[in-house]
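Visitor: Start counting the sequence shown at 1; every next residue gets the next number (UniProt numbering).
For the record, the hints were derived by calculation from the structure and aren't laboratory data. All values reported here derive from a predicted model rather than from experimental measurement. Possibly wrong hints are sitting among the right ones.
Said to hold, decoys possible - Each computed DSS-like pair below joins lysine-lysine, with the alpha-carbon atoms no more than 30 Å apart: (1) K24 to K43; (2) K138 to K24; (3) K24 to K115; (4) K240 to K230; (5) K76 to K230; (6) K18 to K76; (7) K43 to K115; (8) K43 to K18; (9) K24 to K76; (10) K115 to K76.
Claimed, not checked - Cβ-Cβ distance ranges computed for the label pairs, FRET-style: (11) K115 to S87: 21 to 27 Å; (12) R172 to Y271: 58 to 64 Å; (13) F171 to Y95: 28 to 34 Å; (14) W241 to R217: 45 to 51 Å; (15) V239 to L134: 54 to 60 Å; (16) W241 to R264: 24 to 30 Å; (17) G91 to D234: 48 to 54 Å; (18) G78 to H99: 15 to 21 Å; (19) T123 to K240: 43 to 49 Å.
Glycine included, each C-beta is placed from N, C-alpha and C at the ideal position.
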Amino acid sequence: MISFQLCIHENLEIGETKTCLDCKGQWDLDDSLISKYPGCDCKNCPFINDPFVPPDGPPDAEALFVGMTPAFYEVKQGRPFAGPSGSLFDGALEYAGMHRSEVGADNSTLCSGVKPRQGDPPTAAIYACRGHILESMKSSRVVVPMGNAALRSVTGRPETTGISSYAGATFRQDDNIIMPLIHPSFYLPSNDGSRPQSPDMFKDYLDSMELLAYILRSNSLPSDTTIATKVFTDAQECVKWLDGLEDQEVMAVDLETDYPDPIRATRLGTYFFPTQAPPRLE
Numbered sequence: 001m002i003s004f005q006l007c008i009h010e011n012l013e014i015g016e017t018k019t020c021l022d023c024k025g026q027w028d029l030d031d032s033l034i035s036k037y038p039g040c041d042c043k044n045c046p047f048i049n050d051p052f053v054p055p056d057g058p059p060d061a062e063a064l065f066v067g068m069t070p071a072f073y074e075v076k077q078g079r080p081f082a083g084p085s086g087s088l089f090d091g092a093l094e095y096a097g098m099h100r101s102e103v104g105a106d107n108s109t110l111c112s113g114v115k116p117r118q119g120d121p122p123t124a125a126i127y128a129c130r131g132h133i134l135e136s137m138k139s140s141r142v143v144v145p146m147g148n149a150a151l152r153s154v155t156g157r158p159e160t161t162g163i164s165s166y167a168g169a170t171f172r173q174d175d176n177i178i179m180p181l182i183h184p185s186f187y188l189p190s191n192d193g194s195r196p197q198s199p200d201m202f203k204d205y206l207d208s209m210e211l212l213a214y215i216l217r218s219n220s221l222p223s224d225t226t227i228a229t230k231v232f233t234d235a236q237e238c239v240k241w242l243d244g245l246e247d248q249e250v251m252a253v254d255l256e257t258d259y260p261d262p263i264r265a266t267r268l269g270t271y272f273f274p275t276q277a278p279p280r281l282e
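Using the sequences plus the hints, can you model the full thing?
Guide: Structure representation (structure tokens):
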């Protein structure tokens with residue numbers, strides 16, 4: 001944690017204002033605080049007097065992860081995604097072949113003004129800090145907001161839109177690919193047992209990390225792929241095409257029904273997604 005009251009300003013750049021090249025805080029010439037970090041409107045932020053945790057990671061990282069607000073371990077260690085949730089985050093990165101040192105880590109608010117179990121930071125704090133998020137996004141290809149506050153900061157969408165509606169999806173926003181995820185702290189068991197967890201829930205998070213690694217390698221979204229569609233009206237023609245799928249090592253099948261139970265439901269359609277070129281029909 002950086003204390004702005006105790007910052008000794010040994011590495012100052014002085015012009016019309018004073019900027020500390022160590023903590024990046026900015027003061028006027030009378031030593032009144034202007035901002036704790038470039039792009040932050042600290043004077044209009046309700047968290048101005050709360051502990052500050054700066055972003056972490058290379059400034060030109062291709063992937064930028066944005067969390068909610070610094071919690072206990074983040075304030076203690078002075079970096080985003082620390083403590084138990086940080087360990088989950090680091091492990092998920094390594095599972096997908098990435099490393100913490102390669103990605104940017106940030107929070108929708110840089111100051112820790114939210115008490116435990118209090119919920120998301122207020123709108124005023126999110127938007128006072130949003131300028132630094134938007135600036136960081138300019139040098140990243142993929143931005144991963146984790147949590148409601150992060151989603152609002154990255155997209156500017158209203159507070160009624162929850163992260164669960166977008167988690168695991170990918171979409172483009174200006175020059176960025178946006179990939180919202182549930183915050184890793186959600187996957188930690190709660191002390192009162194109100195948040196039961198299962199391995200399958202965290203597997204979704206790991207799968208999303210693998211998708212992120214794929215996007216970074218390929219510089220494209222899976223939705224960018226052109227899919228050829230063929231509708232069969234002749235049964236024999238369809239059987240001939242299906243016979244040619246025996247050589248497929250991996251294939252996805254989507255069965256559409258009018259009821260969740262496929263045994264009792266009426267089948268509306270079946271879709272096959274081969275991973276190799278399907279057989280040609282002469």
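Visitor: Where does the structure disagree with the numbered hints, that is, which hint numbers, in rising order?
Guide: 5, 12, 13, 14 and 19
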